[in-house]
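Q: Sequences are here, hints too, so could you generate the full structure?
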Amino acid sequence: MRKFAAEKSRDILAHRKISSSVLHHPTASLSSSSHPQKPLSRSSAALLLRFLSTTASPNPSTDSMASDYSSTPVKIDTINPKVLECEYAVRGEIVTLAQILYCNIGNPQSLGQQPITFFREVLALCDHPAILDKSETQGLFSADSIERAFQILDQIPGRATGAYSHSQGIKGLRDAICAGIEARDGFPADPNDIFLTDGASPAVHMMMQLLIRSKDDGILCPIPQYPLYSASIALHGGTLVPYYLDEATGWGLEISELKKQLESVKSKGISVRALVVINPGNPTGQVLAENNQQQIVDFCRKEGLVLLADEVYQENIYVPDKQFHSFKKVARSMGYGEKDISLVSFQSVSKGYYGECGKRGGYMEVTGFSPDIREQIYKVSSVNLCSNISGQILASLVMNPPKVGDESYESYFAEKDAILSSLARRAKSLEEAFNGLEGVTCNRAEGAMYLFPRIHLPKKAIEAAKAVNSAPDAFYARRLLNATGIVVVPGSGFGQVAGTWHIRCTILPQEDRIPAIISRLTEFHKGFMDEFLD
Amino acid sequence: MDYETLNENVKKCQYAVRGELYLRASELQKEGKKIIFTNVGNPHALGQKPLTFPRQVVALCQAPFMLDDPNVGLVFPADAIARAKHYLALTSGGLGAYSDSRGLPGIRKEVAEFIERRDGYPSDPELIFLTDGASKGVMQILNTIIRGAHDGILVPVPQYPLYSATIALFGGSLVPYYLEETANWGLDIVNLRQSVAQARSQGITVRAMVIINPGNPTGQCLSEANLKEVLNFCYQNNLVLLADEVYQQNIYQDERPFISARKVLMNMGPPISKECQLVSFHTVSKGYWGECGQRGGYFEMTNIPPKAVEEIYKVASISLSPNVPAQIFMGLMVNPPKPGDISYERYARESKGILESLRRRAQIMTDGFNSCRNVVCNFTEGAMYSFPQIRLPPKAIEAAKNAGKVPDVFYCLKLLEATGISTVPGSGFGQKEGVFHLRTTILPAEEDMPAIMASFKKFNDEFMEQYEDYKGYSRM
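As they're listed, the protein sequences go chains Z and U.
Just so we're aligned: 281 in UniProt numbering is position 281 of the first sequence, and the numbers increase by one with no gaps anywhere.
Just so we're aligned: 471 in UniProt numbering is position 471 of the second sequence, and the numbers increase by one with no gaps anywhere.
Bear in mind the hints are in silico, worked out from the structure with no lab data behind them.
Hints should not be assumed to be uniformly reliable.
Said to hold, decoys possible - Below, in silico cross-link-like pairs of lysine to any residue (SDA-like), each with a Cα-Cα straight-line distance of 20 Å or less: (1) Lys49/U <-> Arg159/Z; (2) Lys12/U <-> His205/Z; (3) Lys12/U <-> Arg374/Z; (4) Lys416/Z <-> Gly94/U; (5) Lys134/Z <-> Val72/U; (6) Lys82/Z <-> Asn143/U; (7) Lys75/Z <-> Ala149/U; (8) Lys416/Z <-> Ile317/Z; (9) Lys314/U <-> Leu84/Z; (10) Lys75/Z <-> Gln140/U; (11) Lys307/U <-> Val83/Z; (12) Lys75/Z <-> Gly148/U; (13) Lys49/U <-> Leu153/Z; (14) Lys12/U <-> Ile373/Z; (15) Lys215/Z <-> Arg147/U; (16) Lys314/U <-> Thr78/Z; (17) Lys266/Z <-> Asp2/U; (18) Lys432/U <-> Pro394/U; (19) Lys314/U <-> Val83/Z.
Stated by the list, open to error - Derived contacts from chain Z toward chain U, CB cut-off under 10 Å, selection only: (20) Val74; (21) Val83; (22) Pro115; (23) Ala163; (24) Val306.
As the list claims (entries may be wrong) - Counterexamples of contact, computed for chain Z against chain U with all Cβ distances above 12 Å: (25) Ala143; (26) Gly172; (27) Asp175; (28) Ala183; (29) Pro242; (30) Lys260; (31) Ser333; (32) Leu437; (33) Thr500.
Keep in mind that this is a model prediction, so the values were computed, not measured.
Note that beta-carbon positions come from the ideal geometry of N, C-alpha and C, so glycine has one too.
A: The structure is reproduced here in structure tokens:
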């Protein structure tokens, strides 16, 4: 349960003399500082601090509102219980203090990562096509971005980027995405299989909605997992069936573990419908080996499970000994076609080297479903009419970037390479830093954007955490925040083997801030261990 | 996975706006037939141009490196450049960063200020959540309210089928209340009371009431008295009022200008103004902006307890954030160019042009339908649609049955095949038993309207010739 750590925050904020009623007063500003390095101004100093706790029970009501809500239709005990049940750790933290270092969320551009120039040029032109015909425009934009904008706008009737499109997304853009998928995999993709969505998350929700009929429907999810899955399953009233990744073998996915969990839950009357695989992993960062993927495909076929392949980090690979292979490519390479396996692949514009989180662009490629099911998927998509057009355009650019010989290719490639190689360096530095801490082991980040170190917490620390009704990793994370301003997400938000504690830390702060982060972290950790070790 | 094992709620859910007629129209279009899509309120698809100023600002925000280019002033006016800088400063890293899950605080503040100017009462930005279109907001709120099949939501009939689709998806119960066609689609409080009583007798807890003002598909604009009645009703019956006000800029008569449910509620004073629960919805998709493709909207909560607000926030946070460009469109919509700004005249001219044309088209369409045999059409007071009643002769109804089609679907399919006009049958919105309608938009270009109405009239005459018992049958 999420908890307002009202007492804790009062301690921290005591020197700012903010009363606890600020936490519940609806006019309290929850605004965070717009730039992590700026100290907070007095005027925006209404502060709220919340932490996750797996052992905490909800705070008793400290509602200081004048009105009594006891007889109103929408209040906490009459809202949808599935809403109450669902948790989403990543935004459990809302913190505003001076000098915050946000390592809690995969939001690269909020930490200074620059967007890819070519993509933004095209998007700007598509947002304001009226300037395409002006000669002055050529002075502001590269020639090939203008050309690409024309190409894209020609796919849109009347160049009307403000109109609702086809509910699966603009056909021409889907064609471009399919071309990109084919170039990546060596196997064709069908534009009728593509559903463009406002980010990958709505697509995941749509699949959960389709698959889950009741609590008796289970979805196999990796532990640790990105909590979109647990939250979505809870929201849709299903059962999360965990399968544990093996930390000792670099977060390996064992088929024997999948089998074991499947059998165990079947015997309890749960019908398992799908298997979620996040590759590269979040928070764990592992990239699956191809033979491992083959085993997974066979497992899903054998057990009649829909394979939900979250592949949003496909362009974030940092190690030379691993490569991304899409599950579709693996399945097709094994000779499995439309009739052999039901597979949904999710991709997003939020990650990779483009990091365009705020645009909400993404798609799912849906293969191996009968026409009547696809009709239902279409129908559900149509209720929201369509995803945002700019995000659709961006998805087509991501899957079809400048090629060798294009005017913008060199600058595009330089930007991309700079970002990816910097991410790889940061992944390595932070991994080494964590491994250098006493009682901390950290698997390497082969891909994605996170490190998930295990903190072997001393007994005393665990007891101290219990004493304040906090999960031990949340306790550690809170102390880390107070001491250093570094915001991470406690491992309990992602799930972990009972009795083990982790934190998820992104690799996203700009490279020049990494040394400071490492030194603060190191100093804090030493102090923490000194305090709690016997 | 097979069809049988799909979530039943998904199978139950229907959304006619992009249903059978639209799919058939798309097929015909692929075969080369010219189709006039009047099935959805999608102004830009029918030739309405985007307003210039917002597009300039958002384009600059997309490519901030342009702001430093010495040539930027050759392509963009100074106020657009200044406004782009203003919005970029409100973001936490430009358009590419997730914002606060409720939307950028600076823009929510602009929305609150707009609401205050509009209504004369202060509004709290903390209770305003930006969403990827108003539809997402509606879905979020209904998801919060509906616990199961025993929870009922009062929905007007005819209604915009987002409501029926969403209630089905979340496993709730739709409790219909019928609008009175002969009283210009007015609210019938007796019917409302009856609907609630009937639902309760079936063990349903009625939790919320939806009003769409101006109405979709019906177009009626509620009077202040109407709104008071509704609010009192909700208060007495412990219902949260869900006020879909997305068409508040689309008003085509002067007798009943738009007045927000919130303003009326505040006017009524305590205790009701402090206790009656209300969620109001707005969007950048309608009005004279028509920016459907951006997916920008918001909802504002009034008298919703903090803990419930927290839970709604939590669910919003799972999707991380609404898309940032659309948030900027929203900021611009509630805070447009002002007199004296460089871009003001153009902005005012473009806006006025669109609104006046919509008003004319509302009239042209209403009159056009009313001049047709067996067709009666209430005036489109607001919104974007015309919802004529088609009095289908018994032989037509029989022919429909034989074809395995609902009568108005049958009529609309024939209309589509004969003329290329793609409408949505009234059954998609709900109507009284045995009464048939179709919904069309008033959005085709003004210069195309006479031809479209003539084409419709010709088809309708022929249809009625074919299915009536005797010729020369005059309009009832």
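Q: Sort out which numbered hints this structure fails and list those numbers smallest first.
A: none
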